[in-house]
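K.L.:
Listed in order, the protein sequences are those of chains A and B.
Numbering follows our numbering, in which position 266 of the first sequence is assigned residue number 720; successive positions increment by one, without gaps.
Numbering follows our numbering, in which position 342 of the second sequence is assigned residue number 1183; successive positions increment by one, without gaps.
Hints listed in this document are in silico derivations from the structure and should not be mistaken for laboratory results.
Worth double-checking, as some hints may not be accurate.
[To be verified] Quick partial rundown of chain A residues pointing at chain B, CB under 10 Å, derived from the structure:
no.	residue
1	V508
2	L523
3	G536
4	D596
5	V617
6	D671
7	A675
[As the list claims (entries may be wrong)] Facing chain A, a subset of chain B residues (Cβ under 10 Å, in silico):
no.	residue
8	F856
9	S858
10	H861
11	W863
12	E997
13	C1208
14	G1297
We put the CB at the ideal spot given by N, CA and C, even for glycine.
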Amino acid sequence: MFDPVGVPAETILDITWLLIGICGAIGVVMFCLIGFAIVRCRRPEGDDREPPQVYGSNPIELAWTVVPLMIVFVLFMVSARGIFELERTSPSEGATELTVTGHRWWWEFDYGDLGIVTAGELHVPIDEGGVADLYLTLKSADVAHSFWVPQLGPKMDVIPDRVNHLWLQANRPGTFVGQCAEYCGNQHANMLITVVVEPREDFEAWVRNQQQDAAADTTVAAGKRLFLRTACINCHTVRGTVANGTFAPDLTHLMSRSTIGSGAIANTPENLREWVWDPQNIKPGCDMPSMKLSRSEVDLVCAYLETLR
Amino acid sequence: MSALQPPAAAGPVPFLSRLHEWVATVDHKKLGTMYIVCGIIYLIVAGLEATMMRWQLAWSGMEVLTPAEFNRLFTMHGTTMVFFVGMPILLGSANYLVPLMIGARDLAFPRLNAFSFWLFFFGSLLLYFSYFGGQGLYGMGSAPDVGWFAYAPLTERTFSRGHSTDYWILGIFVAGIGSTATAVNFIATILGMRCRGMSLMKMPLLAWIMLVDCVLILVALPPLAAAQILLLFDRQLGAHFFDTQAGGSALLWQNLFWFFGHPEVYILILPGFAFVTEIIPVFSRKVIFGYPLMVAATVAIGFISVGVWVHHMFVVGLSPMLNAIFMGSTMLVGVPTGIKMFNWVATMIGGRIRFDTPMLYATGFLCQFLLGGLTGIFLATVPFDWQVSDSYFVVGHFHYVLFGGLVFAIFAAVYYWFPKVSGRMMNETLGKWQFWLLVIGFNITFGAMHVSGFLGMPRRVYTYHADRGWDFWNLLTSLGVIVQILGFSLFALNLVHSLFRGRKAGDDPWDAWTLEWSTTSPPPPHNFDEDPIVHSRRPLWDLKHPDDPDWKYE
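Full structure from sequences and hints, please.
P.N.:
In structure tokens:
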């Protein structure tokens, strides 16, 4: 959070510095008083006399009631302004709007009008010298989650039967990582979010690719047959085939993503094979079972999956 | 009265008789001791649970525990620490001390008191029985793995199979009935059984704070019990209060739980305040600074603390106005807490401080609670909270309050009142070594957590990737645990050693001023041979300084 890349995160960091200043000052004053008492008010060795008994002092006590009240008032006013600035109920102009659905344990990103549904990794365009605004509509498919990418702004809980909104912003291209911040069960730890902020032409190329149906490469027909014959298709969608499950991430453009299992491991050919062999070794407790394929069958399926670019 | 004394020639009491004496007792001192012993045992259990978690998290990608085991551990750690360490130690110390300090024979309802203890005891066993009986028919899980605040709908049957969550509900529900009954008991005792001359404004501050504490228990625990029963209806009778798939509300649980949960943390910390409020004056050799304001601050904390619970829900997407209101109330609770800090320090300044072990811990409490309080102001600030809520920063913050604050205050209390309870002093050298080990270990562990939170590490994750840059801070956190374990071991050693070999304490080893030090150590079953009569807030000061008694100035 100390490396903010947009107005929401920067506003929070500014408030944080203010807090560090005020609370730091209070802390220094208190520690000085305590230190003074420890160093200067010890009982001299062998001196058993009792010190003068002071029962209290109204003016002094009034002072340390009123001064904190005034500090609280100032802090309250500054922070309240921050709340009203950052909590938005409508998107700003030019913002990328998408619907985020939290699942156990992965994120679904639906770009609405663009007709793109993807998982774990979302892409946002940014113009030269401009900023990338992101306006999210947050929903949950099962339990409570929380969407948190610290560098882009605040987090927001994702709660079933409730629609939340979140405004995030990036002022430079880059890849920003966050993750689910509300405990949601077994694999809460492996529910990562990757936000790729990229120049507009790269984004448009990504969109064009994502909008296409799955590639049909005849050299991997055997793997495709095996994939469609196995229970994979009950949960996964590969557009352009009969696979239309919605319980698990859309695999139409699997290879365009940098991770497998919502950030559990990097998306490399070896990792993909290990994942299909038995996901429970990598993300124990996740909802995807081992399909009990032989090693050669796994190779066939993965050869097919690797064509889904 | 010689007829009541055991015959001189009687041999050692057989074990079964002694056991029966403890099991069937209604004596507030025995019950208090049993509460505290149970609390310390569960402290060790929950501490070991935390140690396992820190082992798993010491470095990225460790595989010491499976995710399911890890999730059970943090659920049990939190639940145990709050309900079966904090609560029994606070109820136990109140049990032991309040009647002695207000010059009463026992609590108002001794048998209800015993009943409450056994409810607590068996409630805690119910929770831990889940490790054996939680599997249910489905072979799903053993201990609960839903987190100590058990957010709906993760606790619904759909997501939490087996019976572990049911054990969690029942264990806490049963113990909660006990706590509520004890609260009634204390309110009746403190309001109705003070000795002659002790008006409310002449009570020791410990009794005042416990009174406010018990009112808070009475306000806060029933909503939790209600919420748990609704959840039990959902799980066992097919109701849909929190079942979002059938129109139930996830937020309803959060509201009900935190309406209990926030006062609860004040219920836990207030006894810590009570201990240091008694200890600091005695070791500074100076009367507490601003007694009436201390009472007012306690009552203010009690009132404000029932109106701050939404600060646990700043990230659920409530309206800006609602967030701002609860930010204001949360910041406001810092004011009476700050008043207490100032008054404690003002008591020390101008005193002649003896740094015996209890005072060391009380000073440690002041410094560490101060830090926890300051990060509390950070978290009250909504925009900041949006960033670090549910991160390790929060974990660091509340451990500064509950460990650096409450546990240090508890150690201060143990070292201070152990001579009264056992008749023997605890070892000062071991106590000081333990203090410094705990201070170092504690600050390494929980100081580092603030940094991991700033770096974006959410709480309750069983693992993390190396590329996130969290390894160093987590390693530091875990290494601190080793130092703490050394400290806790010294405490155990000291406790056992002093119980049998400690120096004889006498009635009043600290030259203190409240009534419990006027009777023998340990006190007789009837507490006082004669009903005490008090004229001021420091009855023993009046006795020791007849030329300069307190009642002239109050």
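K.L.:
All hints, please: hold or fail.
P.N.:
Now the hints, each set against the structure:
1. V508: Since chain B brings a Cβ to about 6 Å from V508 of chain A, closer than 10 Å, the hint holds.
2. L523: With Cβ-Cβ at 6 Å, under 10 Å, it holds.
3. G536: holds (4 Å)
4. D596: holds (7 Å)
5. V617: Holds. Min distance 8 Å.
6. D671: violated (32 Å)
7. A675: Violated - the Cβ of A675 of chain A stays beyond 10 Å from chain B, reaching only about 36 Å at its closest.
8. F856: Hint violated; F856 of chain B Cβ to chain A Cβ min 45 Å, cut 10 Å.
9. S858: Violated - the Cβ of S858 of chain B stays beyond 10 Å from chain A, reaching only about 45 Å at its closest.
10. H861: violated (45 Å)
11. W863: Check failed: Cβ of W863 of chain B comes no nearer than 40 Å to chain A, outside 10 Å.
12. E997: Result: holds, 9 Å to nearest chain A Cβ.
13. C1208: Check passed: Cβ of C1208 of chain B comes within 6 Å of chain A, closer than 10 Å.
14. G1297: Holds - the Cβ of G1297 of chain B comes within 10 Å of chain A, reaching about 4 Å at its closest.
Of the numbered hints given earlier, the model fails hints 6, 7, 8, 9, 10 and 11; all others are met.
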